[in-house]
Each structure stands twice: as C-alpha cells, then as structure tokens.
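One-letter residues, chain by chain:
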Amino acid sequence: MNRPMLQSSRRQFLRGSGAMLALPVLESALPKWARAAEKAPQRLLFYFVPNGMHMPAWTPSTEGTDYELTPILKPLEKLRSELLVISGLSNLPGRPDGAGDHAGGTSAFLTCAHALKSETELRLGVSVDQLAASKLGQGTRFASLPLGMEGGASVGGCDSGYSCAYSQNISWIGPKTPLAKIAGPQLLFDLLFQDGAQTMGSAEKRNRHRQSVLDFVLRDAQSLRGRISRSDRDKLDEYMHSIREVEQRLQTLSTGCDAPGPPTDDVRIGEQLKAMSDLMVLALRCDLTRVMTFMLGNGGSNRPYDFLPNVKGAHHELSHHRNQPSIQAQLQTIDTWEVEQLGYLLNLLKTTKDRDGSTLLDSTLVIFASEVSDGNSHDHTGLPVLLAGRLGGTVRPGRHLRRNEPIANLYTSILNAVGVPSTKFGEDGTGPLQGLS
Amino acid sequence: MTTSGRSQAWALPIVLWATAQFVGCTEPTAPPDPGRVTLHRLNRDEYNHTVRDLLGTSQRPADQFPSDDIGFGFDNVAQVLSMSAPHVERYLRAAESLTDEVLRPDGYPLGLTLQVGDVEVRYRRRNHIFFASNSTLPLRVEVPATGSYSISVNAFGEQVPPEPAALIVAVDGVTIRTASITAVESNPQTVQLELPLTAGTHMVSFGFGNDLYVPDPDPQKTLDRNLGVFWFRLYGPTTAIPENSIRRRVITCTPSSADLTEWKHCADHILSRLARRAFRRAVTIDELSELRKLAEEAWRSGDDFQAGLRPALMATLLSPHFLFRVELDPDPTSRTPHQLNDFELASRLSYFLWSSMPDDELLRVAEQSSLADDKAVLLSQVARMLDDPKAESLLSRFASQWLQLEGVDAATPDAKRFPMWTDKLRTDMKQETRLFVREFLPLWGSRELGLTRLLTEPMTYLTTDLARHYGIPGPSPEVPWEATKLLGTPRHGLLTQGSVLTMTSYPGRTSPVKRGKWILEQLLCSPPAPPPPGVSTDLGSMSSSGSVRQRLEEHRRKPECAGCHRLMDPLGFGLESFDAVGAFRQNDDGQPIDSSGELPSGEPFNDSAGLATLLAQDPRLLSCAVRKLFTYAIGRAPTDADAGRVEALVTELSEHGGVMRRLVTALVLSDAFVSRRGEPEEGTVP
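Protein chains in written order, with numbering that gives the first Met the number 0: chain H, 0 to 436; chain G, 0 to 685.
It is worth saying that the hints were derived from the structure and are not from the lab. Treat the numbers as computed from the prediction; the structure is a model and nothing was measured. Take these hints with a grain of salt, some might be off.
[Claimed, not checked] Simulated pairs of lysine-lysine, DSS-like, Cα-Cα distance not exceeding 27 Å:
id, chain 1, residue 1, chain 2, residue 2
1, G, Lys292, H, Lys204
2, G, Lys513, H, Lys116
3, G, Lys484, G, Lys423
4, H, Lys77, H, Lys273
5, G, Lys484, H, Lys311
6, H, Lys311, G, Lys389
7, H, Lys311, H, Lys273
8, G, Lys389, G, Lys374
9, H, Lys349, H, Lys73
10, H, Lys73, H, Lys204
11, H, Lys116, H, Lys423
12, H, Lys175, H, Lys116
13, H, Lys204, G, Lys263
14, H, Lys134, H, Lys423
15, G, Lys263, G, Lys220
16, H, Lys349, H, Lys175
17, H, Lys349, H, Lys77
18, H, Lys311, G, Lys415
Given these sequences and hints, build the entire structure.
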C-alpha cells in the first residue's frame, strides 16, 4: 500500500531514535514537538518533602565543585554532576504567628508569603510554579500539575489554627485559591490517560459536546455573578476561571501518548511513590505539562516509617528529636530514604532521551526542599535545597553553593531563566540569586 | 411530633432572638446578625450522595476528585472549599460518565464499539483504525459486573508472506489472544472471543504484534506489513440482559415521531424534571429553553433524540446551580438579615441531615412555600428526615469528624509490642464506637441517649474478638455486635473504647498528652497551646526508665511546659489503665499503674470512671457539642456575633439532658440557619 511521505518519514525517525529510548517505550508515545524540529522545552518540578532534614547529615562541608556528598545525599552519588546543592537559603515569610510552623512553612514554600492565620479565611500569595506556568504552560494539556502522595482527608484541624489548606497545598493560583492536588498514582493515571479510553460516543462528538457545555455553564455563571455578593463572587470566579482554563486546554490537541498499564495496586508507600514517579516522568516526556509540584507528604506529615530499618515511629513525631542521637539517626534514615526516592525519579529523567539526544534532565530543573530546615526547632533559615538538572542550559549543576539570602531570590532566578520577568519575588525577595549558571 | 413539642418549637426562636439581642448586639434596634455562608461548593461526599439521589447511580465519581480542604475539623466549611481546574476536569468526566449511564440502552450493561472516528488522529486512515507499527490501543473499561464478556474485532492485514498479520488482544497488560489475520482490506474477517472479567476497572487493549518494514528505493519492493481494524466491540455480561433503570428514571418520555415540536416538548419534560431536582429549586422558563437549545443544536448536527439530550444533561451536572448551593440575597450589599427562601432552606436542611439533595417530598413542601413560614411544617420535615436512612450521614460524616474516628485507620501499633493487634481488631473497634455513638444521635432505632452519658454509659457493642481483647465477657460468635453491659468492668463510655485509646497513642506506648489533648480539643473545644519551638515531645529522651507517667511528671516540672501540660496530662493519666491498643493493664514497664489525678480545678479522681464522671459534668462538654454541630450544620464556625445564639442552644441542650434531637431542632430553627444577609462591597462603609 502506498503511504504518504509524511508517515514514512516519521516512521523512519522513530526507527532511528528507538534505540535511544531507554524506557520500555510505546513507540507512538513521542510528543508533538518531538516530531517537529523544535528545541526541547524547559520544565520545572518542585519537589516538597515534609518536616525538614537532619541538617548535619545533609549539608556538604565544602563549597564549589569538589564538595563531598554527605550521608543523606549519598544515594545520588552517580548523579553528582547533575546536582546543585544550595545552602543558607531562608523563607522568613513562613514564620507563623505563634505556633503553626508547618502550615506557615508549607504555605510559604513556593509563595514566599505570610499566611493569614485562620481556619476559614485563606490569604496567601501566588506560587512560583503558577507564575512559571503562565509562560511554560501555554499549549500543553495541563498548564501545571499539582501532585502529592497524601490526600486532604486529614483528621481535624491541621496546624495550630491554620486551615488545612495551608499545609496540604504548595501550589497557589491566587492568594485565596490553592490548586487542589492530585494525590497518588491512580488518580494521576486517570487524569492523564483515562481520556484516551472512550466508553461511549466518538472522540469528535465528545469534544464538541464538551465545548458547548462549558460555554453554556460559563454563560450561566456569568448571569449568576451579577446577583451575588462579594465573597460569593470570589468563589464563583474560581469556578469560572477553572472552566475557562479547562475549555482552553481542551482545544489543545492531545499530544498522543499511549496509556501505560494501570499503576500498581501495591499500597506500600515505596511502590506507590515509584508508580507516581513513573507517571510524572511520562507526563513530562509526553509533554502533557511542563510544570509540576509534588508533595511527598503534607506539611508536618506524620507518616509512619516503621517499614524502614530501625525506625520506630512516625515522621513528624521523630522530627522533634531534641538532639537525641538515637532519634536523629532514625530521622536520617527517613531523610535518606526520601533522597533515594528522588534518585529514582532523577535517574528516570536522566535515562529518558529527548529527540536531540539530550536527556529530560537536561531540559528540566527539579527543586527539592522542605518547609523547615531542622524539624525540632522549626527553623525557617538555612533550608535544605537541592536542585537537579540543567533547565535547558540555564543552570550549571555539579556544585555546592552557599547563599545567605531568601529562597525567593532563587525563584526569581528560575522565573527569569524560563522567560518570566521578575525582579523580586514574594514578600522578602531582594533580586535574583547570582551564580546559578 | 406531639402537640406540646410543636408549641415549644414555636416559642423557641423568640427565646433565641431575645438572647442574641441581649448578648451580641450593640445596637438594640438592629435584628441580630445571622452571619453569612459563602457560596457553598458540594464537597466530595455531598457530590456522591447527590448524584446517587438525583439519578439512582451507584457510581461515586467524587472519589476521584481532589480532596476537600478542612476548616475547624470539618470538610464542609464553605469558606475553605475552593475550586480549581483539576476539579473541573473531574466534574467534566463525571458528567460524561453519568450521562453515559443515563443514556445507556437497555440490554448489556457494557456495550462499547470503537471505530475510526473514536481514536486519535494518528491511528486513523480513511475508514479504519490503522496500525503501521507494533503498538496497541488501550481502553479503560468500567466493567459493571463480574461475568463473561464478548470481544469481536473486524480486521484485515496488509500482508507480507509468510506470516499473516497478528492481532493482539490484551487485558490488564496480559495478552489473552494473538490472532492471525489472513484477510485483506477488501474482505475483512471478524475475530471473536469470550473472556471472563471481574467487576471493576480494566485496561482492554488491541493492536498489532508482528510489524515488518524493509524499505527499498523502489517502493514496489518495499516490504511493509500492517494491520487495519474496522471496528472493535466489547459487550456483556453475555449471561444477563437487564434493563437500565437509571435511563427509565430520567428519560421519562420518548417522541413517537420525528416531529421537532414533539421532540422539544418531550425534551422539556425530561429536562425540567431533572433540572428542578439538580438545582434543588424551581427552574425558570428561560433556563429550560437554554438547556433545550443545547439539545436542539445536537439534533441539528445529526444526533438522534436521546443522544441529543447528552449535552443538556451534562450542562445540568456542570452548572454552578448544581455544583454550588446557591443562596441569593435580595440586596447583595446589604447587611440587613432576610429569611432564606423555601428552596434554599430545603437545601440547608437536606445537606445538614442527609449530606445530600432534598428529596421529592421536601421539594414539594418547599414549592408550596410552607417551609420557611410554618415552623410546624419545618419541624415535621426534620422529624421525617431524621427517620430516613440517609440521616446516617450524621454518624458517618458529622460524628466521625467530630470525634475523629477515622484516626483509628491511621494508627500503627508496634507489632512487636502488641502482637495481638490485627486489622480485624481495628475494624471491630471502629464499628464498636460507631454503634455506640449512634445511640446518642437522633437516628432511627437509636436510644437517643443524652450527651452527658457519652463518657459514662456502662454499655457498649462488642464482638467476641473485641471482648477477648478487653478481657471481659462478650457475645457469642453467632451474634456479634450485641449490646453488652459493662457494669463490673473497668470500662464505661467513649473514653475507654479501643478506638479512642489506640488513635491517641504512639505506636509503642500510651500518650497521656495525646489523650488529654484529644479530650480538650474534640470534647471540650479547649485546645491547649502547641509546644514552644525546640521543646521535646519525646519521652524516651528524658529518663531511661520508669512508667510513662513518671517520665511525664518529670517533664511537667519544667516551667515552659507546665502551663499546658497541667491541663492535658491529668486527663490522660486517668486513662493509663489502658495500653496503646486499648487493652486493660495493671503495670507499665514494671511499675504499677496509677490512674488517679486531679483536674486543674482541683477536683480529684481515682480512675477512669472518676475522670469520666467529672468530665460529664463539665459544661464545656455540651457547649462544645453545640459548636461542633453548629459548624457542621451551617458550614461556618460560630463567631462572636453568634455568642448569644450558641448560649441559647447550650441552654436548650442542657435543659433536655443533652439529647441531640433537641439541639438539631433548635439549631434548625435558629436565625443563623434560616436566614442570611448580604455584605457590603470592599472598601465601603456598612
């Protein structure tokens, strides 16, 4: 059968590049841009771990390129040249009013803003991932993906008079609106790939219906908007904004990644996390999104870690170690485990090739950090911050830097690197952080 | 409802109003501020319950929604329920999936056909699905029931001898059939197979498995094996052909001809019924005709009658009037209170008592405008609704969040220290507490005990296993969950139940602090201040030996700790006779248990029973229950302006021995429940 030229050339390209695809790739899983002669896009992943780090076992003792990997960072040895450790950064807006350091630190994590202490009224700031998404997110199926491992069904109030929203979300689309996160691999799988699997009706018809329905409810909301008062309008505006966004995204053609098999139903956290990492890398590779946030646990999470050797207890409890070596050792085990999980994801990024032979890690920047540094004293200075990747050549890894300045400045630099103008970020930013590249 | 009950009910709002006047308001002439509830998004439970009652579906779409944020310990506080694009993504898919279910014809519950128009562009060629290389198309299938299903595929190969093209069919990643397709495009063949599927989600995929491509400068000599599929069909279970009761419930008429007027008329009938229930109010002519226009548009593009209803059904399920509980203020900028209209009040009632939409009866009463004006009607509806099984949400949602019963699920007792701990025990403990707490709620068949007995009632519900764990005589295995008397045992009331004791312990030991904190926060609404930064909360670090109590006593001598621990610890000490999984004990780490103590007020107690008796008399127990139920019922926490109102409710509750039905009734009649107000624009002076 005679085939149009386009098809056969694409086919040849796939054959040519097939050997480089290290994942068990579904051949048709290459994104749209991979077929056109485009440069690989920049991508950001903000990776949150709760309760700080055992800092003595985290911070390298020397600066520069010859820094020595500390015990917690040891699992990343093979990725050393891709890492940029930055010590000394602070997030002072995360200091709470009175108690509530985890809520304060978590809410300020990507906003560098001071949360209004309230169980009902949310007031914070816009997070850096959302500003980045305003640029990087144009034209992908999802402007950004807010992800995590723990849902919101936490019991009771979350942290000393702060609404749970503050410690369960790091991505804030507006000062009053957290971007609700997708918790766990099953939900993420459904979101990313369920759409490719129809149950009834044709894809074209479905899209046509979606468009007309969304138009309809938007008109409906508009007419309601004129009849309600201020705070009701705020809620309705969230709705209308979300409808518009989804409507716009639906017009973005699917870039076409085949669905992988459904994620594992092994409920152990390690297995779930691996499945999540697989999907996150797939979402980047398929260009479904270019901006992600990920919470390994909610702020101040008290996940039990008794599946790790010699760890007896749960994370938040242990983080109040009161300088007891036996507890600090357990914390260090947890911290090292977290870094191992990060290592799994970084390895995937590093072994997944973009079309030009570079790796996903070359185009991506992973920002790994926590809401506090030491969990015992709830310190919001000297935060553990680890970057990995090159963000399309704008970041030069393989170093340990010391910078005693707000983490907001790091965000300013990242925003600038992805083409978002920013001179000062958050409430305490003073300007870009020098020396990233 | 008896006559005397009715007359009391009449009198009550006046009492409440007068009290609020006296306590809360600076301007004696102004009516009391009823407060306002922000536009209230349905939370996940409410969404699931609402579509269940609206359509009769057993789908629970909201299980896939982003989790709801929590305020004041409840997941239905309007102000913190936000919405973002991930929500709308899920709403959209839920609307599609629900509409699918409504429109599915009688016959096989699962019947799907895939043709060229249904797949992504790169798989399309002319009139068929085309595989140019080895790949498969996955379909995520919700299998409605376990049974035998049938798959048929109409396919052909672009052949390169000697092997015919290979069609692969796989389920959940496992190939179940590789079929040789010897046919060519002009005469395709149908492959058919039967396979067993269990109910639930499966990935069914089909595709091409033996690609061959040897290019040659002469296109005629190029070897290229490919696979084409005209259609793929999956249906079943082949053993049953039930009718779609959901369709019958929603699609209430069928046009007998192709006459457009008749179609419109019939669509109006269907859509007005559905929208009225979905929006929980009367629907205007304009709203109806807008909805119908969606169907007309689809008909014009070639859909048949029912298929054309699809966008209109979806729009109903995505409308702000469905996803939010809309309450309108006549003047949105005025602080002058006004009564809710009948429909708004009906929704408040049903989401309070049922966590779901009003039923037909309640909507009918609202339509007759008698709900807001006639207290007797309102109260008879409350009584009727409490007798409905849907009122169990007061247990599963309100009480379970109030007492944090889900906390038992998160408990992780140390297996070495507590080898007797099993998941069965965990489940039993949860169920014990559920059955026990139910006796305090105004639900059908409940004994409706007064809350003052919550901590002292010498009765509980046990299984054989749980009774053995507690070390007390229990029911025989044939009759689990028998009410069991506790007189003569060390147990009594909620505080000595395994659930509470376990979830307020550490994995390896008890925590009098956590237990005390739980009592203070959940039962007395008097949360202690959190520990100052840098302070240890770990007992292992203090002295190496001694009972938990001894180590805590040492802790408490520190002045920076004493302030709060003086409040928390004694409460926990009273429960020290029960270990970290709720078993009775007489020793801790070799030391005899001392469960005596003294409340901050100076009242001494000897053991848990003494503690419970003192707590049962603490006025904060009832006022806390009032604050919790207020928050849950209205979707906002009481503020200073509600002080008088809360006080009147506490009085009502305590005058009636803490019986919750009195509180529910009084709350429903209070002006915070039945009225609201607007609010000035930002920056303007009220």
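Okay, the hints, checked on the actual structure:
no.: 1; hint: G:Lys292 x H:Lys204; result: 17 Å, holds
no.: 2; hint: G:Lys513 x H:Lys116; result: 24 Å, holds
no.: 3; hint: G:Lys484 x G:Lys423; result: 22 Å, holds
no.: 4; hint: H:Lys77 x H:Lys273; result: 19 Å, holds
no.: 5; hint: G:Lys484 x H:Lys311; result: 37 Å, violated
no.: 6; hint: H:Lys311 x G:Lys389; result: 42 Å, violated
no.: 7; hint: H:Lys311 x H:Lys273; result: 23 Å, holds
no.: 8; hint: G:Lys389 x G:Lys374; result: 22 Å, holds
no.: 9; hint: H:Lys349 x H:Lys73; result: 17 Å, holds
no.: 10; hint: H:Lys73 x H:Lys204; result: 53 Å, violated
no.: 11; hint: H:Lys116 x H:Lys423; result: 24 Å, holds
no.: 12; hint: H:Lys175 x H:Lys116; result: 13 Å, holds
no.: 13; hint: H:Lys204 x G:Lys263; result: 21 Å, holds
no.: 14; hint: H:Lys134 x H:Lys423; result: 17 Å, holds
no.: 15; hint: G:Lys263 x G:Lys220; result: 60 Å, violated
no.: 16; hint: H:Lys349 x H:Lys175; result: 37 Å, violated
no.: 17; hint: H:Lys349 x H:Lys77; result: 11 Å, holds
no.: 18; hint: H:Lys311 x G:Lys415; result: 11 Å, holds
Going through the hint list in order, the structure does not satisfy hints 5, 6, 10, 15, 16.
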